[in-house]
Every structure is written in structure tokens, then in C-alpha cells.
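Participant: Line by line, the protein sequences give chains U and V. For what it's worth, this note's numbering labels the leading residue of the first sequence as 1, then goes sequentially. For what it's worth, this note's numbering labels the leading residue of the second sequence as 1, then goes sequentially.
It should be emphasised that the hints constitute simulated quantities derived from the structure, not laboratory data. Nothing false has been slipped in among the hints.
Mimicking SDA-like on lysine to any residue, the simulated pairs with C-alpha atoms at most 25 Å apart in a straight line are: (1) K79(U) / R36(V); (2) K79(U) / D32(V); (3) K79(V) / G35(U); (4) K79(U) / D57(V); (5) K79(U) / G14(U); (6) K79(U) / M1(V); (7) K79(U) / D32(U); (8) K79(V) / D32(U); (9) K79(U) / V34(V); (10) K79(V) / A63(U); (11) K79(U) / E15(U); (12) K79(V) / G10(V); (13) K79(U) / I58(V); (14) K79(U) / A63(V); (15) K79(U) / V59(V); (16) K79(V) / R36(U); (17) K79(U) / G64(V); (18) K79(V) / M1(U); (19) K79(U) / R2(V); (20) K79(U) / A33(V); (21) K79(U) / P9(U); (22) K79(U) / I16(U).
Each pair of labels, with its calculated beta carbon distance range: (23) V90(V) / P80(U): 18 to 24 Å; (24) P9(V) / R65(U): 26 to 32 Å; (25) D100(U) / R98(V): 21 to 27 Å; (26) G138(U) / R4(V): 53 to 59 Å; (27) S233(U) / D92(V): 42 to 48 Å; (28) F159(V) / P112(U): 52 to 58 Å; (29) V90(U) / G78(V): 24 to 30 Å; (30) T107(V) / R4(U): 56 to 62 Å; (31) V205(V) / P53(U): 46 to 52 Å.
All values derive from a computational prediction rather than experimental measurement. In this text, a Cβ means the ideal position worked out from N, Cα and C, and glycines have one as well.
There are 2 protein chains.
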Amino acid sequence: MRYRADVRPGWEIGEISNGGYLLALAGTAMADAVGRPPLTVTGHYLTPVRPGPAEVDIVVVRAGRRFATVRATLVRDGKPMLAVLGTFGVADDNAVRRVDGDPPQITTSSVPAAQPARPDEPPFPSMNERLDVTLRPGDDGFRRNEPPGHAEIVGSFAFADGGPVDELALLLATDAFAPPIFNSGLAVAWVPTIELTVHVRAVPVPGPLRCVFRSRFISGGLLDEDGELWDDSGRLVAQSRQLSLYPRP
Amino acid sequence: MRYRADVRPGWEIGEISNGGYLLALAGTAMADAVGRPPLTVTGHYLTPVRPGPAEVDIVVVRAGRRFATVRATLVRDGKPMLAVLGTFGVADDNAVRRVDGDPPQITTSSVPAAQPARPDEPPFPSMNERLDVTLRPGDDGFRRNEPPGHAEIVGSFAFADGGPVDELALLLATDAFAPPIFNSGLAVAWVPTIELTVHVRAVPVPGPLRCVFRSRFISGGLLDEDGELWDDSGRLVAQSRQLSLYPRP
Numbered sequence: 001m002r003y004r005a006d007v008r009p010g011w012e013i014g015e016i017s018n019g020g021y022l023l024a025l026a027g028t029a030m031a032d033a034v035g036r037p038p039l040t041v042t043g044h045y046l047t048p049v050r051p052g053p054a055e056v057d058i059v060v061v062r063a064g065r066r067f068a069t070v071r072a073t074l075v076r077d078g079k080p081m082l083a084v085l086g087t088f089g090v091a092d093d094n095a096v097r098r099v100d101g102d103p104p105q106i107t108t109s110s111v112p113a114a115q116p117a118r119p120d121e122p123p124f125p126s127m128n129e130r131l132d133v134t135l136r137p138g139d140d141g142f143r144r145n146e147p148p149g150h151a152e153i154v155g156s157f158a159f160a161d162g163g164p165v166d167e168l169a170l171l172l173a174t175d176a177f178a179p180p181i182f183n184s185g186l187a188v189a190w191v192p193t194i195e196l197t198v199h200v201r202a203v204p205v206p207g208p209l210r211c212v213f214r215s216r217f218i219s220g221g222l223l224d225e226d227g228e229l230w231d232d233s234g235r236l237v238a239q240s241r242q243l244s245l246y247p248r249p
Numbered sequence: 001m002r003y004r005a006d007v008r009p010g011w012e013i014g015e016i017s018n019g020g021y022l023l024a025l026a027g028t029a030m031a032d033a034v035g036r037p038p039l040t041v042t043g044h045y046l047t048p049v050r051p052g053p054a055e056v057d058i059v060v061v062r063a064g065r066r067f068a069t070v071r072a073t074l075v076r077d078g079k080p081m082l083a084v085l086g087t088f089g090v091a092d093d094n095a096v097r098r099v100d101g102d103p104p105q106i107t108t109s110s111v112p113a114a115q116p117a118r119p120d121e122p123p124f125p126s127m128n129e130r131l132d133v134t135l136r137p138g139d140d141g142f143r144r145n146e147p148p149g150h151a152e153i154v155g156s157f158a159f160a161d162g163g164p165v166d167e168l169a170l171l172l173a174t175d176a177f178a179p180p181i182f183n184s185g186l187a188v189a190w191v192p193t194i195e196l197t198v199h200v201r202a203v204p205v206p207g208p209l210r211c212v213f214r215s216r217f218i219s220g221g222l223l224d225e226d227g228e229l230w231d232d233s234g235r236l237v238a239q240s241r242q243l244s245l246y247p248r249p
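Extracted from the complex, chain U is given alone in its bound form (with noise of 0.2 Å):
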């Protein structure tokens, strides 16, 4: 099964489009083939993407009666780009739930991640003007060459636009803040991600999401990053994992 895509301008990383969004758009079109929502999705990321047509490629591996599991690859010009699986179902809200964390404090003097912090400063990446991201006071600090020593960020997540935060675009906002290495204070240039795999624990309720990120072990050229995102209501909405290159400036 081929779905025809279109990797619109609008979502780059400098001139890179971002990796959520490239998982939600292959996420979209798995979720079509099989006519359910991701629950676990993992992206290889296997070349930089820019905008520009490109084709999704799908094979549904198995389609059970609760879950389908999907394969896709995210092609251009015959070339593999990125390369996705993922198993598509719908959770159960009457199960049993016990939760050890909590969501992170947003407080209203959070900063707008889309407002530059000094007039000399780089362009933003344009995927900001289309997001509604603000970063917890200091941890914005990576913009200023003030990094607060920890390798973290905690911010909130919408859409500029007020449009609702539904499964695929969970896919997307677990990559739309900056790298939480920027704030370790360890030099650091571009982190392309190798991998992503984004669990979906819930729809979340309107309103912004309250996300953290961390990157806990840098070792052997790579580096980890985990991220919780919690919803309005305070309930766990997603959990992402992704394996970066960590390239020395």
C-alpha cells in the first residue's frame, strides 16, 4: 500500500524537517491503512528530510482483532528516508491505573520557546511559529549561553493555531522542544536523532500539554533523551524515548 505525502515547509529544524513531525505524517498514514490510532511507534531516522512530495509506504504485518501491527518507510525518489513500525490500537479506560510520577509544574511566567531573547539571535527554527511552546523560567537559559547545568527542559505544548492535540500529534510533540543537552552545558552542535519510539498511554483532554525531557546518559557518541507528556487533566498521555548522535561541535 503507497500513500502519497507531502513534507510541507513549515516544520524545519534549521532546514531540516523536524522528526515528530515526519512520525506523525508516516504515523497518519499507518493509522489510515489499519483504522486505528499508534499506541508504540518507533521511527529510524535514516537521512535529513526537507520539504517536498515523497511517497509512504505501508505494510500491515499483522492485523489482529484488538491491535494491528504496521511497517513503513517514508520514500523519496526511490529513497528510503525514514523507517517506521508500529502497533495501532485503542487503550482500554476502564482498566486498572497506578502512576508513579507526576506532572511538571508550568507556571504562567514560563517563556514563550517563539520569542527571541536577544535581537543578535539565530533565526528560529520555523516549526515554533506553528506551536505554542513555552519553556520553564532557566530553561530557556541554552538561548542566552546561560545553561542551568542540567540536561533537562520542561515547557508546555499546543498548537499556535488552538487546534486539538489528538494521538498523532502526540507523535509530533515529543520532539518539538529543543534538545534538553542545549541546557548541560557540555558543547554541543546539532543531535540528529538515529531513533524514536513514542508510547501513547491516553487522548489527552483539551488544553496544553505539560511535557519534561531529559538526557540522562551520554556515552559512546550517543545520548539518550526521555520525555513524559502529561495533559491538561494531569494524566499521563505519552512517554518517548529517542537515541541521538551526539557530534562534538
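Based on the hints, put chain V in the right spot on chain U.
Facilitator: Chain V alone, transformed into the frame defined by chain U:
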């Protein structure tokens, strides 16, 4: 590319082959196909697998200079049983290193996982005979109906025959302990894995691994399980996360 595989007896939990064993089996074929060790591997479990002959179908999505991305499907009688996506390559040992975390403490009083607590205890998972796994005192509470109340298990991992734990064995080690939710005090039965992702962060030095597994988010009929595996020198060698079904007993 197709590999013949033998799902060997002796790696079952009950009658079902262990998920980490199957991931290592597929991962071995994938690593062979591209001549590189695993860096990040995700398996989606489609159906329970029993011992017997099988095949591993391999598609190399992209083989670059540094990394190779590979799809694999474990198949029997034309029926897919496990879908895998992985990126293979060698970490850069001279890179920057910063770690926020410590290996768990393993004491000499840790309890062998393969030693029945009571004469009337149900039979052990057969794979325990091939492993030298110990549990932190108290973390074996689930076996005596004395769960400590935390969804956590700490223990050590080695092969019973003293064989080395290489990158592929790490895939097995991430799923070789009892589910930590058994220690939560919640009523649980079987905990089938839907998806398991492993990041291989380093090659272990000789000696037992020190491992910690935790379930933090139980909701929607699903639960997570996060693992950290440290080697005998105190270096993090793997991170794992799985999404499992929470079926009520």
C-alpha cells in the same frame, strides 16, 4: 535475505519462548546481515511463540558508512510472529561521557532466581536454568505472596555456563527478569510484551550485569517497564523500555 532459525527449547516462560530470547535471535541474524553489532533494536510481538524451526526474513533498509538500518520478521509457516526494526553500528568509545545515575547495589545476600522459595512453588521458567540471575532480598517477594509494594526488581544477570554477555546477549538480558509489576501488590496474571526497545550503550566487561527494572505507568490496560543494565565496572551498557498488556487475572 532469509535466515533459518531454531527457536530452541529451554528459553520458555511456561510454554512460550521468552521475548528477549526471540529479540536476540532475530538480532543475531540482523547483525550478521550487516556485519555490525546492534545499537537500537525494537521488537513488536505479534503472537506467542513456541520452540521449533522458524525463519528470519531480513531487509536492509539502508547501509551507510557508520550505521545500517534493518527490518526483520521472525516467521513460521508463513506467519509473522515478531517484527523487528533496528539500527546497527559501533559506538565511539572516545566520546564525551556524562551519566546522571548509578548502578544498583547488588549484595552478596541476593537471592538466586532459580531457587524455589517453597517446595510447593510452581515450576520455574525453564530459562532460569541457563541463567545465573539473583534478585535483591525482598524483590523475590512476589514468589512468596509477599510483594514489597514497589513495581521494581533489582538483580544481577550472567549466563549459568559463564559465557560472555555480548551486545546481542544484552537484548536477552533486558527481558530475563520477572515483570517488576509482580512486586507491586496489584493483582496480575500474565504480562505479554507488545513492544520492547533496547538501546545498546556499551560492550559489557566480563562479570555479572547489575540490573534494575521498574514499571511506573499502569493505565489503559497497558504498562511500561524501564530497564537499566550496568556492567561489573559500573558502566551503563543498555537501556530498555517495553510496553506490555496488563490483563487482570
